[in-house]
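Chemist: In order, the protein sequence lines correspond to chains D and A.
No gaps in the numbering here: position 208 of the first sequence is 700 in this note's numbering, and each next residue is one more.
No gaps in the numbering here: position 21 of the second sequence is 24 in this note's numbering, and each next residue is one more.
These are calculated hints, taken from the structure and not from any lab test.
Any given hint might turn out to be false.
To be verified - Derived SDA-like pairs: lysine to any residue, alpha-carbon spacing no greater than 20 Å straight-line: (1) A:LYS176 - D:LEU587; (2) D:LYS588 - A:TYR175; (3) A:LYS253 - D:ARG627.
These numbers were taken from a predicted model, which means no experiment stands behind them.
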Amino acid sequence: MFKIEINGVSKVFRSERSAEIVALKNISLKVNEGEFVTIVGPSGCGKSTLLYLIAGLVTSTEGEILVNGKKVNGPDPGCGIVFQEFRIFMWRTVLKNVLFGLEIQRRFPKDKQMELAKKYIEMVGLSGFEERYPRELSGGMKQRVAIAQTLICNPEIVLMDEPLGSVDSITREVLQREILRLWEGEKKTILFVTHSIDEAIFLGTRVAVISARPGMIKEIFDIDFPYPRTGAEKTDPKFVRLRGKIWEIIEKEVPKLR
Amino acid sequence: MNSLPSSILKIFIKRGYPIVILILAWEFVSRTRLVDPFYCPPFSIAVSALFEGLFVSGEIWVHIEMSLGRAMAGLFSAIILGVTTGLLMARFAPINSFLDPLISVIFPTPKLALFPILIFWFGIGQISKILLIFISCFFPILINTYAGVNNVDKYLIWNALTKGASDTQVLYKVIIPAATPFIFTGIRVASSFAFILIVASEMIASNEGLGFFIMSAERTFNSDRMFAGIILIAALGFGFDRLLLYIQKKLFIWRDTEKESVSGL
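Could you put the whole structure together from the sequences, leaning on the hints where they help?
Modeler: Here you go:
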């Protein structure tokens, strides 16, 4: 059984001002447990929408999505999502933000919750910042809070929507390696959306390339670099060739953005 | 612990000097008879009339209790009902479509214009005034609550939902905290209305209260008592606003605003 099964999914947005927007068309993808699948494509191609569909936040116009063999019909804590631009709660401290999911789910007593919170705060490298408010944090730090906030709930599937898009390139490299480390440690199934080809190849076990709107899967590549990945892969000729191939596919899609 | 009063004094002098200049100008203009002191007594005379009323005869306290009591009664009931209604309107479309047109008609009407109806129905006692305050404070709080709830970032709600939050949890843990700054702004606006209307309504139809005090001083040509009352109301309004600003600062310590204005705007 596949962890995630996306079968012939289309999503059409209808607005009052007549024109229909076909965000996604006939998307089919099967994801196995423990995979790290990256999704790359030009802006506005519906990548985020695909994640929202899997998370059950948006319903598909056509087709179905199965998680653990069951149809998705609403948000579920088994499927966590990290949004673009760190949507964490500004009125809560770092600690209370990370505790948020546990407060909601009430699975653990208070002391266990605190223990878990400290563990995940440390895991994302924010020890010492527990009592700070988000406004006192940099973009990279806020995104780490978002990641800890989602991972602490231990979802089997983690969806990440361009989580490193708003972060400077040095922090980005650091966080990429941290995300890989977390994935390897916890063996979750991850779907990671990005518009960076390098990032997609560096992180993933597989890369799905999506076309411009209406978003369709153009091609899926298997990445056979072994883990743990060090960054040296980025200069490997295989990497460079693959990057070129993917860029060629996307380059053809760019004029459609006009 | 003399650090607090002296620091307040320092802030007052640094930021409040325009007010001091204004008061000195007032004193000067009146004492030197540039303006007839019968019509505009010096600031110091008004203040001493105030002291007399507060600490010698003690008659002003009744008026203060009456005015503040009514204003707070109207304001607090408006807060409770305004916030609740705003939440209900934002959550349930049928409630929204029913109340929205009613609000659009009633809100722009100056509530003081409705005061005669209230007097007609309820007399010139407490009820008519408290109702007047309530109606006037209700709308800004309602409208700001509604705006606050509608402005909650959809992604924050999605965040909570994907962690398994129920609708009630979303309301208490996301929507209300996120909307609180807006609600609070509504409360600040509403309290300024409360002060205006309590004074106005007491000038029109009352036997006690600060509005009545000022008006009866005017009618008996006691300009020093009249100004005493005005200074008192200004001080009370100012003090209450400062209190709200202080609460705002403490409650919203997480907010990203770095403004240094005295007025808190």
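Chemist: For each hint, tell me whether it holds in the structure or not.
Modeler: Checked hints:
1. A:LYS176 - D:LEU587: holds (15 Å)
2. D:LYS588 - A:TYR175: Holds, because 15 Å separates the two Cα atoms, which is no more than 20 Å.
3. A:LYS253 - D:ARG627: holds (15 Å)
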